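Novice: The lines below spell out each chain.
Number of protein chains: 4
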Amino acid sequence: MCTAATYRTKDFYFGRTLDNDFSYGEEIVVMPRNFPLSFRYMGTQKKHYAMIGMAHVEAECPLYYDAVNEKGLGMAGLNFVGNASYRKAMPDRENVATYEFIPWILGQCRDVEEARALLEKINLTDDDFHEKLPAARLHWMIADRDHCITVESTKEGLQIYDNPVGVLTNNPPFDQQIFALNHYMQLSPEEPQNHFSAQLPLYCYSRGMGALGLPGDLSSQSRFVRAAFVRMNSRSGQSEGESVSQFFHILGSVDQQRGCCKAGDGRYEITIYTSCCNADKGIYYYTTYENHQITAVDMHRENLEAHIPARYPMLQEQRIYLQNSDC
Amino acid sequence: MCTAATYRTKDFYFGRTLDNDFSYGEEIVVMPRNFPLSFRYMGTQKKHYAMIGMAHVEAECPLYYDAVNEKGLGMAGLNFVGNASYRKAMPDRENVATYEFIPWILGQCRDVEEARALLEKINLTDDDFHEKLPAARLHWMIADRDHCITVESTKEGLQIYDNPVGVLTNNPPFDQQIFALNHYMQLSPEEPQNHFSAQLPLYCYSRGMGALGLPGDLSSQSRFVRAAFVRMNSRSGQSEGESVSQFFHILGSVDQQRGCCKAGDGRYEITIYTSCCNADKGIYYYTTYENHQITAVDMHRENLEAHIPARYPMLQEQRIYLQNSDC
Amino acid sequence: MCTAATYRTKDFYFGRTLDNDFSYGEEIVVMPRNFPLSFRYMGTQKKHYAMIGMAHVEAECPLYYDAVNEKGLGMAGLNFVGNASYRKAMPDRENVATYEFIPWILGQCRDVEEARALLEKINLTDDDFHEKLPAARLHWMIADRDHCITVESTKEGLQIYDNPVGVLTNNPPFDQQIFALNHYMQLSPEEPQNHFSAQLPLYCYSRGMGALGLPGDLSSQSRFVRAAFVRMNSRSGQSEGESVSQFFHILGSVDQQRGCCKAGDGRYEITIYTSCCNADKGIYYYTTYENHQITAVDMHRENLEAHIPARYPMLQEQRIYLQNSDC
Amino acid sequence: MCTAATYRTKDFYFGRTLDNDFSYGEEIVVMPRNFPLSFRYMGTQKKHYAMIGMAHVEAECPLYYDAVNEKGLGMAGLNFVGNASYRKAMPDRENVATYEFIPWILGQCRDVEEARALLEKINLTDDDFHEKLPAARLHWMIADRDHCITVESTKEGLQIYDNPVGVLTNNPPFDQQIFALNHYMQLSPEEPQNHFSAQLPLYCYSRGMGALGLPGDLSSQSRFVRAAFVRMNSRSGQSEGESVSQFFHILGSVDQQRGCCKAGDGRYEITIYTSCCNADKGIYYYTTYENHQITAVDMHRENLEAHIPARYPMLQEQRIYLQNSDC
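Note that the protein sequences, when read in sequence, are chains S, Y, A and F.
Read in this note's numbering, the first sequence has 194 at position 194, and its numbers run on one by one without any break.
Read in this note's numbering, the second sequence has 547 at position 220, and its numbers run on one by one without any break.
Read in this note's numbering, the third sequence has 768 at position 114, and its numbers run on one by one without any break.
Read in this note's numbering, the fourth sequence has 1229 at position 248, and its numbers run on one by one without any break.
Just to be clear, a hint being listed does not mean it is correct.
Unchecked claim - In silico lysine-lysine, DSS-like type, Cα no more than 27 Å apart, as pairs:
| id | chain 1 | residue 1 | chain 2 | residue 2 |
| --- | --- | --- | --- | --- |
| 1 | F | K991 | F | K1052 |
| 2 | Y | K482 | F | K1136 |
| 3 | Y | K448 | Y | K415 |
| 4 | Y | K448 | F | K1136 |
| 5 | S | K262 | Y | K337 |
| 6 | F | K1102 | Y | K482 |
| 7 | A | K809 | S | K121 |
| 8 | S | K47 | S | K121 |
| 9 | Y | K373 | Y | K415 |
| 10 | S | K155 | A | K775 |
| 11 | F | K991 | A | K916 |
Claimed, not checked - The calculated label-pair distances, taken between Cβ atoms and stated as ranges, are:
| id | chain 1 | residue 1 | chain 2 | residue 2 | range |
| --- | --- | --- | --- | --- | --- |
| 12 | A | D934 | F | L1099 | 54 to 60 Å |
| 13 | S | D92 | A | M696 | 40 to 46 Å |
| 14 | S | D92 | A | D765 | 43 to 49 Å |
| 15 | F | Y1005 | Y | E440 | 49 to 55 Å |
| 16 | S | D92 | F | P1182 | 32 to 38 Å |
| 17 | S | E190 | Y | E458 | 28 to 34 Å |
| 18 | F | D1107 | A | L976 | 38 to 44 Å |
Because the hints were derived from the structure by calculation, they are not lab data.
On a predicted model such as this, the values are computed, not experimentally measured, just so you know.
Where a beta carbon is used, it is the ideal one built from N, C-alpha and C, also for glycine.
If we strip away everything but chain S, and leave its shape as in the complex, we get (with noise of 0.2 Å):
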């Protein structure tokens, strides 16, 4: 499964995880305005906002996972199986492939005022890539420095939902999610007070006592809850660095360490990647599993006019700083 979240300090950040038990293959890429966006059944757009992200690339034609245009919109697809549903494309509808949906707001959107005008007129329909890509079952956070939703297309029809936590992750539906964060009121990063009973002597034996009570498996509902917590008690410094790494450190609480998810077939399942986005910057941190220093690909080194996407393979491999090599 996998957690999103933003943050904001000086800039506006905009990352999440990705875990799965396996990987389809993911590279970062730059898509450059003139990249002709081809969609089933809303024609081609040559000109759109050029925008950074982690994609698998299927036929030349970027995927996205997660994703920040240059006006500052992010946006990414969470797992969302047993409740995403799609429909058939409709006639008086936007129709978009859920595949499509990420270019298709971030293409054309500068926030999340006009992707709200968008989504108005959109149907997310329940078209494959092809045939041995049948479409994910998701729903998606929309976020800019300011607002922040999210996307669920149910049997119910199309959800639109505020975000005021600035995360998502999985099932259950996102209202049921900040519904749940009321039996966790109480949890604080100050010392808790004795409420139980004034007349036993009860104590504090250890800093942090204040958030007893907060979930740390690795379910959707428990990730939610403890994201939420992390990313609204966070406290950084306003700098690039400071800001990018509260973001890391944010994410980290919902990492999933290899051994305590099993996925079957002796499989597990791990946080393949964590993105960190500057949305205001466009550059795209991440860190994979085995690779804890954050790499960087930044959005504005690239040639934003092009017609053709750049591709950055996702740096797997642990890069460790010798300190004492020259001895």
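Please arrange chains Y, A and F on chain S, whose structure you already have, making use of the hints.
Specialist: Structure of chains Y, A and F alone, referenced to chain S:
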């Protein structure tokens, strides 16, 4: 507070987090065999095993937080305020001040068995290093590739516990920490089974639900349970890269994010550094709160017959690799 | 708040707790077949099934909290503030005010199937009984010996849910309540197994550890989970005495003790009464907060062909049996 | 397993549950002052304080589970298997077999202070009552209206703990039980406050959410926490009726329902009886699993100068009051 852990694949790994709201200033220090160790009560050792670890260096003397010696024995001291209790020097004992304890053990012992023999004769004294550096209230984990023990000096005397978990945090005393694991015995990396009622169609809506109930907060008891679960269920390849990576994932599960644990006066407890030492190869790996890249210091690149420690500053600046730097 | 439950041995039992910080005044009321039922929109029924239950009687009209009819169908209304939503009378529907809903169903339906048929045509209206007795915000459980449903009127309309648990409490809506049981599927009356780690000697230090994680507080979600666990795992003999006793033990698990749930102004929510009706025999058993003895009213000892309800005050004084009274 | 509790309004109340999957046969026994008490090592007391309590009577000797003496001192023995450890008789101690412990204390002590004095000299021996009735593994709660202590005989010797909670269950040892309450200090009968994040509109959807996190299972640690919370927050009137009723509500919170705790061989642990003794008036109230009515035996209706105990069978048949019996 802090968390220590061991891990074993082909090699044996020993490390810890140091969590605090301020720092004394830490360095990676390789202590060579001929650096004279002057003990307060136990005379001077002119020759001893070499060791590498993290230390605050005061008056040319490395005060180790955690270290591993050239024989593969590791030792770490962790906060134990409220339970640690030391005594005055006693005539018939080997009196060792707490700040000398790590070099006392690692300088002389090849393994846990030899450490146990020394511990039978020891008395941990309450001597301050100097008046501005009072004796820290600690307990210790000592481990080689086959055995692990916890050492606590309390009002009741010196307690030595087998530590089958290979994890140590802080309060309460270790026997209570390990007892608490009984409450979590049902937790599993596997999908849970429905034992609630055969008549109800309960189901897993997410992977990872088998560990529902695992605590997610930063208190010492909760970190113990969580680190124990992650460590005991960890799976990784045997290579150095995979082993070290997995080790940092284990301790990442108890990372203290800035903002989640208030320490008073607007300060927050954070994970200042995380270490992982390959005890067989003498390579000390570490990350810091602001630097996610793993940095390494290799003991065997130093002259271990020297008389003066080799000291390396803890690199705290984020080292990001810019993948498209030459575009 | 409140909790309702069903239980089946040889006979079928239906009951509930009424939890509140004040009382409107309750009576046990047997409504005979010929008491004319005047509905606000649906005319008058001169003849209907007889029923027995707990009611507040206002202007000679029993406003039932819970009741069972002579055919063995039971129905109870429970607090649903914040989610209940009723509508104005509608032209093409059978408009029934919420205070009429229990007699409307129990007066005409033999079983849940017949109730479902009526519910297809119903519109629950927001009419107050009178201006000082506004329409209570409720949802309902309806059950016979074979089926159980939950009925909720929300902004989205009338929801009818199968209720395989045979338990109802309050917020959130029933689909969320039942979904939450997935989080507890591992809980069991049996001793837990060690799935945490085969290398650790974890053990059960007490009976009952298989249900560790069961919530113990008085919130509606927690009472739902707890009552569900106790009811689904209940074992008792088939006799009337054993069945009734077990039923009161089931609802005893969600008893609200005075002091544990503050309602403001120094008032506390308590379990005002607990009922258990043998739906087959028409015997209504109850206890009150201050009277632990079970009191019974037997419907069939009344003239069910009468035109006027038989009313019995709720006996609230503790009746203690003094075993050595004649010493 | 079992739970004991104290409660004080105008009078002082002392009682317990007895939870088990089988019964030795219990009776309410009033032991008069002149019933000779023959101790295994401590000779015979021809005169002593009278007491009332629940006992299994073996060979004319009442083996008390719990009792209160005429001075208002109460004492109960509860299961402590795995931790209780007794010793052989010792030359310089007052050797008392565990089955004699309750009459030894209650026969001679007016209050906890006097009991403490006796405990300083005692050695609890491992003598069986006879070979088919081995020494039960127990620990004890002793309380008067002002003080409460817990007494445990473990491998480390006799432990006497102040018990500010007025509750005792079973394993683990009492110091760990009371330490565990620190984990619950935030729990409250009041509505919780939102400390999770000021930016999120979290709310209470139910009363009772201030105690979210209170454990609801039947293990000894969970019963301790739950009974402690209910007892420490209990509110009731001062009258005998209200006080006794509230006491049964307190212990009702840890009632063991048949089916929820499997004991092997298809047997289930249940709350066989619940007692509440008015220690000032010497009235012993009790309920049984199948009889919800409170039954009372009044010590002062017996001849306390007699030589032979007065014995009353535990009334286990449900006594239901039929309110419309004369219709």
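Novice: If a hint holds in the structure, say so; if it does not, say that too.
Specialist: Checked hints:
1. F:K991 to F:K1052: At roughly 16 Å apart (the allowed maximum being 27 Å), F:K1052 and F:K991 satisfy the hint.
2. Y:K482 to F:K1136: The hint holds at about 18 Å.
3. Y:K448 to Y:K415: holds (15 Å)
4. Y:K448 to F:K1136: Holds. Y:K448 to F:K1136 sits at ~25 Å (cutoff 27 Å).
5. S:K262 to Y:K337: Since the Cα atoms of S:K262 and Y:K337 sit roughly 23 Å apart, the hinted pair holds (cutoff 27 Å).
6. F:K1102 to Y:K482: holds (25 Å)
7. A:K809 to S:K121: It holds: about 25 Å lies between the C-alpha atoms, which stays within 27 Å.
8. S:K47 to S:K121: holds (21 Å)
9. Y:K373 to Y:K415: Within the cut-off at roughly 26 Å; holds.
10. S:K155 to A:K775: Holds, at roughly 25 Å.
11. F:K991 to A:K916: Satisfied, since the Cα-Cα distance of roughly 23 Å is no more than 27 Å.
12. A:D934 to F:L1099: 54 to 60 Å: The hint (54 to 60 Å, Cβ to Cβ) holds, given that A:D934 and F:L1099 are roughly 58 Å apart.
13. S:D92 to A:M696: 40 to 46 Å: holds (41 Å)
14. S:D92 to A:D765: 43 to 49 Å: holds (45 Å)
15. F:Y1005 to Y:E440: 49 to 55 Å: holds (50 Å)
16. S:D92 to F:P1182: 32 to 38 Å: holds (36 Å)
17. S:E190 to Y:E458: 28 to 34 Å: This hint holds: roughly 33 Å between Cβ atoms.
18. F:D1107 to A:L976: 38 to 44 Å: holds (40 Å)
The structure fails none of the hints (numbered hints given earlier).
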